[in-house]
Amino acid sequence: MRRTMAFLMRLMGRHTCEDVASVLQEYFDGTLDAKLAAAIDRHFEGCPDCRHFARTYGDIIRATGEVACEDIPEEVRERVRDAIRERAAQRKASSQGTNGGLVGSPGSDAE
Amino acid sequence: MADRDENALLAAARANDSMAFEDLIRPYEGRVYQAILRITRNEADAADLYQDAILRAFEKLDGFRGDAAFSTWLHQIAINTALMHRRSANRNPVIGEEDLPRYNWMGAHTSTVNDWTDSPEDRAYRSELRQGLLEALDELPDVDRTIVWLKDALGMSHQEIAGATDSTVLAVRSRLHRARLVLRERLARRFGATS
Numbered sequence: 000m001r002r003t004m005a006f007l008m009r010l011m012g013r014h015t016c017e018d019v020a021s022v023l024q025e026y027f028d029g030t031l032d033a034k035l036a037a038a039i040d041r042h043f044e045g046c047p048d049c050r051h052f053a054r055t056y057g058d059i060i061r062a063t064g065e066v067a068c069e070d071i072p073e074e075v076r077e078r079v080r081d082a083i084r085e086r087a088a089q090r091k092a093s094s095q096g097t098n099g100g101l102v103g104s105p106g107s108d109a110e
Numbered sequence: 000m001a002d003r004d005e006n007a008l009l010a011a012a013r014a015n016d017s018m019a020f021e022d023l024i025r026p027y028e029g030r031v032y033q034a035i036l037r038i039t040r041n042e043a044d045a046a047d048l049y050q051d052a053i054l055r056a057f058e059k060l061d062g063f064r065g066d067a068a069f070s071t072w073l074h075q076i077a078i079n080t081a082l083m084h085r086r087s088a089n090r091n092p093v094i095g096e097e098d099l100p101r102y103n104w105m106g107a108h109t110s111t112v113n114d115w116t117d118s119p120e121d122r123a124y125r126s127e128l129r130q131g132l133l134e135a136l137d138e139l140p141d142v143d144r145t146i147v148w149l150k151d152a153l154g155m156s157h158q159e160i161a162g163a164t165d166s167t168v169l170a171v172r173s174r175l176h177r178a179r180l181v182l183r184e185r186l187a188r189r190f191g192a193t194s
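Protein chains in written order, with numbering that gives the first Met the number 0: chain B, 0 to 110; chain U, 0 to 194.
It cannot be assumed that every hint is accurate.
[Claimed, not checked] Computed from the model, here is a short list of chain B residues facing chain U with C-beta under 10 Å:
hint, residue
1, Thr15
2, Glu17
3, Ile39
Note that these hints are calculated values from the structure, not bench results.
Idealized CB from N, CA, C, for every residue including glycine.
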């Protein structure tokens, strides 16, 4: 029934609230076809529920950007740096072992 | 970082130059760590998994062909590492029908939708919204939470996210939209904004 109603409304050039919600991502991305975007704007003018829905949906996208963080604890960074150097030293030692025990220069990656 | 710099660092890192590898990952360390922390929601686990992921990347550098950006490839390893850990612990919440918007037979909202953003610049409101958002994010399924974080917090493209999560652009877009709808419903309940 809902799909039939939505189909009839689209035939009349109108969109249901469910239609509007389904394209909000593209609406906020700015990737929505211009004619459809204009139709959505017209729907907003007459539908406070969808207007409020879209405004809160958009505010959540904005808020997620506000909680964005690119920090890494210094102790984690140092620990991983030490682990990388240790792994490089192991690989070097392993490589030398498979090359007949050739001795490389002392004190390189593992320092 | 210029491509040439990155390519030179890649070549050196592949030759087991640990310093070059450290320089290579430096621009992405925080983003990768935070992406893992968003998935695990636990700092101790995040630190361990971050180390696992970085060492795995170091070991697998020869497998990086440059089809995607290095940062995408690094995120892919990190996210897979974190998601595998979560899967093994079987700790994934589910989304219920009550978490999605409801419509009547005419495709209209079944209840009044109120706007809780009347004072969108109010500091107390934004602080509460951010707190509520972080809690609501934590209740999303891991993959959905990861996608929201990569897109809306880190600003990655759908294509990059698809690469980082072993998914398709279509699936990423679909999951992202559904996750935002769920976040909206849960925050609406928190703010008491539906009737």
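Legend entry - Hint numbers contradicted by this structure: Structure breaks hint 3 only.
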